[in-house]
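Chains as they are written, first to last, in this note's numbering: chain A, 1 to 412; chain B, 413 to 1000; chain C, 1001 to 1258.
Treat the hints with care, as some may be off.
[Stated by the list, open to error] Chain C is faced by these chain B residues, among others (derived, beta-carbon under 7 Å):
1. N461
2. P498
3. I585
4. Y650
5. C651
[Unchecked claim] Just so you have them, the derived chain C footprint on chain B, three or more residues with Cβ under 8 Å:
6. 499 to 506
7. 682 to 689
8. 767 to 776
9. 819 to 829
10. 837 to 849
[Stated by the list, open to error] With a Cα cut of at most 35 Å, we get these calculated DSBU-like pairs of lysine-lysine:
11. K175/A <-> K310/A
12. K838/B <-> K1182/C
13. K480/B <-> K1182/C
14. K902/B <-> K1182/C
15. K1088/C <-> K771/B
16. K945/B <-> K992/B
17. K945/B <-> K480/B
18. K945/B <-> K597/B
19. K1219/C <-> K771/B
20. K945/B <-> K416/B
21. K838/B <-> K1088/C
22. K1219/C <-> K902/B
23. K310/A <-> K771/B
24. K678/B <-> K56/A
25. K992/B <-> K582/B
26. K577/B <-> K945/B
27. K480/B <-> K1159/C
28. K839/B <-> K56/A
These are calculated hints, taken from the structure and not from any lab test.
All of these numbers come straight from a predicted model, not from anything done at the bench.
Virtual Cβ for every residue (Gly too), placed ideally from N, Cα, C.
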Amino acid sequence: MCASITRSGFLAFAGLLVILGNAVADESHSLDTIERGKYLATAADCTACHTRSGGKLFAGGVNLQTPFGALVGANITPDPAAGIGDWTDDEFVSALRDGRGRRGKRLYPAMPYPAYTKMTREDALAIRAYLRSIEPAPDRLESNQLPFPFNIRSAMAVWNMINFQPGQEAADPSKSGQWNRGHYLVDAIGHCGACHTPKNVMGADRRSSYLQGGLLQGWYAPNITGETRRGIGAWSIEELVAYLKTGANAYTVASGGMGEEVVHASSHMTEADLDAVAVYLLSVKPAVRQSPLPLDATDPRMMAGQALYKDICSPCHTDAGTGAARLFPRLARSPAVHADDPTTLIRTVLYGSRGAATDGAPTGPRMPSFFWRLGDAQVAAVITYIRNAWGNAASPVSTNQVREIKSEPSAG
Amino acid sequence: MATKLPAKDVVIIGLGWTGAILAHELANEGLDIVAIERGPWRDTATSFNIGYAADELRYGVRYDLCQKTAQGTLTFRNSDRETALPIRQWGSFQPGNGVGGAGVHWGGQTWRFLPSDFCIRSHLSERYGARFIPEELSIQDWGVTYDNLEPYYDRFEYLAGISGKAGNIKGVIQAGGNPFEGPRKREYPLPPMQMTLAPTLFGEAARSIGYHPFPSPSANLSTDYTNPLGVRMGQCTYCGFCVRFGCANYSKATPQTTILPVLMRKSNFEVRTESEVLRINLDRSGKHATGVTYIDESGNKREQPAELVLVCAFAFNNVHLMLLSGIGRSYDPKTRQGTVGRNYAYQTYSSVQLYFDDKNFNPFISAGALGQSADDFNGDNFDHAGLNFVGGAGITCQPTNGRPLANLPVPPGTPRWGARWKEQVKKNYLRSFGFVSQGSSHSAYANCLDLDPTYTDRIGRPLLRMTFDFPENDVRMSNYITGKMEPIAKAMNPRQYVVNRVATPYSVIPDQSTHNTGGAIMGTDPTLSAVNKYLQSWDVPNVFVIGASAFPQNPGYNPTGTVGALAYWAADALSSKYLKSPGPLVPA
Amino acid sequence: MSLQHVSKRWIAKALCSRRQLLASISALALAHSWVPGWASVLRGGGLPWDADGISPPVPVRPGPWVYFTADEAAAVEAIVDRLIPPDKSGPGGKDAGCAVFIDRQLAGAFGDSRELFMRPPFARGTPRQGPQSPIAPRASYRASLAALDGYCKATFAGKAFASLDGVRQDHVLTGLENGEIKYPDGDGTAFFEIILANTIEGFFADPVYGGNRGMVGWKLIGFPGARYDYRDHIAKHNEPYPLPPVSILGRDEWSIRG
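Isolated chain A, as found in the complex:
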């Protein structure tokens, strides 16, 4: 079970420290550092890969299915044999920031060291101190479940040479402290680009399209730059913070992978940090790309799509595509609807989705599934309509695209 990171939970851990006789007096393991490390580990969502559903905190065992085979998130509890209990600080920092584990073992960038490399050493050490303070778990597991030849870790040396730029990014003195903090949180800690930046043929970030949307495991993480049409440029700071804090705002409800991120990570961040993230993201303004012209309303795909939309979608999303704040996502002028890649839209219409539920927005509304009712052409038509109605303009969706999504295993 993913740990509910509460104040009382933290105090319990602190008590455990005393019992285990850990060096509370040691400055590097001060309660402040541990608490800061816990905050950072939460913001970085380490549990996503290192805590199995129903399992012990950070004991690993999370199955990451890739087309090459499986990777398993490692046990990062302080168990000396099964976990990282007897790693030195330098070894830990190196794993986090250089992708080099013990004895130089190369990590796969499923462990997002290309992002964490931007973390300060102090922050890395704080995370280390927090990880030292939790209960050890004896679960031994082998992370590398990839079949030959992908299981040859040393090949990552080549990949790193081409794609990996180690080290922190310098603060921008022309920008405010808040902006720089936001930049750091987005790139180094939250590693948002891991999902939201598209990848090149080698699977490394395409920096020219920074945060402009990425395809990941059958879901498309949308453009989160300050671009107006395709990105979140129309959102205010308050709306973006509300989204990250509660999972819901006037425009939409976080769902799928982002829903999990909100529940496990960003909803636990401070308002100040979320403000910084918002300020930063809204400031990212890629070069304006020309929008396509919207499809004409008389286009046969639009006609069919409109009939479908009216009959099926408008009971929640309304005839004008305005939805209902914090309940049914707005589709008119929605960045998610304008995504270059319609994968998420297709999956959502087919299989539904589950809205995030947090203390600030506990409803957790769900989109129902329609795969049982609609044919592939109908799914394509209704999404094409949504992408080109009410002032929206985006590429149409084809029957083949729907078919392809259906033939892939569900991404959950």
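Given chain A, put chains B and C in place with the hints provided.
Okay, now just chains B and C, sitting in the frame of chain A:
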């Protein structure tokens, strides 16, 4: 032999409206709670997927969301001169099943009873003399007053987002609302629903003859809403698939849309579905419950020990469980002794159907609680001096749906099939609507619930037996009120109108309502009631029985508003009194 | 390994996978034990999520009769066409698929009363006590249709019901309805009531169940079907609703034309 499970603080039988309210309130007190629900989990996007929620045959005719009689039913007879037989197909009422209970498939009409309803016997005696009350009636005062319950009505209304217009705020009559209602402390949380043509015409007509119509208070929300628990609900879209259906777009107040999202986040609350409680277990003294025995989804018998048992299984299931568990003495109508099973009541209906040539009512644009009502002849709102009955009825135009299998009105004399029938169905479908009187159902000594001597359920337990017919008082009352409906019909100038008086004797075949009340009634006298004013069993103080089973009789309104208020009232008594000092809250 | 030979999308997936794929990372690690897939014990992890937990209706497919014999089907098709005759206002029961509807209903849960309380003892009771027959619809139809044809053949020179002219058929049905025609065993009136009810159900239920073909029943009366949002028409008192009906199966306008 039942496996004994680790003890809980509280076990709640049934996770419908009352179960969900009690679970949430007590979870906030930090108690360790388990709810045991006979039916399945139900969730909006899957159980009421918008793609198949609007299926009249499945839900409106075959009652797929309701309890299946194979699972459990009652036996029925009009009087003790007959042998009760099983209700093999629901007709008159359709009990719920599953998480949310009947709160999933209700229509949403949400009323407060009148202040005089709560002290009906003393009120009527004072106004008309004690002998004015017919002898056949066993009506009683409740032991709580409207003023006691007002804050809890408010709580339930704000939980649910009730859409309406207040008629009396702190004693000041408000234009546009019900001038007869008891005083409330503030407006409804949401404004009234937008009216369609039929209730609009009805309202105009009723007003034109001096009645005081107002928008019916509705749990089909008029706008988006965030309730005090932080749960967000949507705006009703008037789809007309409301009563007997799950709501696909979060716009009908149900346990699912108002409480469960928050309740299910609590680590001290657990629900076990597909698990049927067989009985409440008592210790040797018979005065203390030790927990419940239930069968789980695999058919295994389990014993769940608990300190506190809350019976929240729907009105007559509550009574059934008490009888099966030996809590309280079964009522015998011959001797009028015993408390459990007495004062079973229902609801008394009549209707008027109107046929027009020149109107299109678009009847399919509707909602379960959309409409206009007039309370001029409800309860004791009018002077009964010289009349031969007590009680009254709300006159309401609430066309809840236009689904064909429920709405194929044809004028009298039309054949029931063939070319002429088809022609009349086509002609009248869009051009006809009805309005009803929804009247008091006074409890009578002869009407009761007990255990059937012959029929058993699939587990071998005796079925609950219902002995019920409309008291003669209620028939006279209903016919009188029906007379007051005709002027409204006339004022609308239809081509034709047809009056349908209350059909007697009571039959379980035609659909009427699922307003089954009484059987475990609240009161001040332990020889005349099963639970005290806090809904605590007189006989077993760590058992509370919460639901419409507590109504000593049923006034002329839908019950859910009062069920919700009583649930909050009981929850408050538990938190503020019982938990501090477990034991009888009222000296017996 | 040669990275250039692996497709871009595969690498993106392999190297950038971050989230749980197969199991939700939610706090509920539930073994789904009961159709449609909800676990039966739920505690403290928020509302459970089971994307597969849906139960859409299985569409009736045209094809051979599933329950009726050919003779039974012929009789039922004739009956439904008298109960709801074809005329200038639209198709009758037969073309609307009412017999198909009834056939499929009898083949399913309705047919064997499996969801009803069918425990003995069975007694007749008063009219107010509701139906008390131990005979499920499947058996009732079989026996009643046989009795009907038996009566017709005996009365009309060997002709089964389906072979009679319309006037005669109406006459027989009226006789069943009012009890003038009695079956030797069984209740002709009860059979009439159930087939009338089932015919009307078949005519107006969603076409997914095999009747109301092409939504002809809904078109007859002006019922827009499985619609869920009338907000744009509430205030338009007396104005006809402009959109055609839609069923669970959809409507023609959902298809791309041209």
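We went through each hint and held it up to the structure:
1. N461: holds (5 Å)
2. P498: Holds. Min distance 5 Å.
3. I585: violated (28 Å)
4. Y650: holds (4 Å)
5. C651: holds (4 Å)
6. 499 to 506: It holds, with 4 qualifying residues against the three required.
7. 682 to 689: Contact hint for the stretch 682 to 689 of chain B vs chain C: holds, 6 residues under 8 Å.
8. 767 to 776: n = 4 at 8 Å, threshold three: holds.
9. 819 to 829: holds (count 3)
10. 837 to 849: Since 4 is at least three, the answer is holds.
11. K175/A <-> K310/A: violated (47 Å)
12. K838/B <-> K1182/C: holds (32 Å)
13. K480/B <-> K1182/C: holds (33 Å)
14. K902/B <-> K1182/C: Not OK: K902/B and K1182/C at ~44 Å, beyond 35 Å, violated.
15. K1088/C <-> K771/B: Judged against 35 Å, a Cα distance of about 23 Å means the pair holds.
16. K945/B <-> K992/B: holds (18 Å)
17. K945/B <-> K480/B: holds (33 Å)
18. K945/B <-> K597/B: Holds. K945/B to K597/B sits at ~23 Å (cutoff 35 Å).
19. K1219/C <-> K771/B: holds (18 Å)
20. K945/B <-> K416/B: holds (33 Å)
21. K838/B <-> K1088/C: holds (12 Å)
22. K1219/C <-> K902/B: holds (31 Å)
23. K310/A <-> K771/B: Holds, at roughly 26 Å.
24. K678/B <-> K56/A: holds (20 Å)
25. K992/B <-> K582/B: holds (33 Å)
26. K577/B <-> K945/B: holds (30 Å)
27. K480/B <-> K1159/C: violated (42 Å)
28. K839/B <-> K56/A: The hint is violated at about 68 Å.
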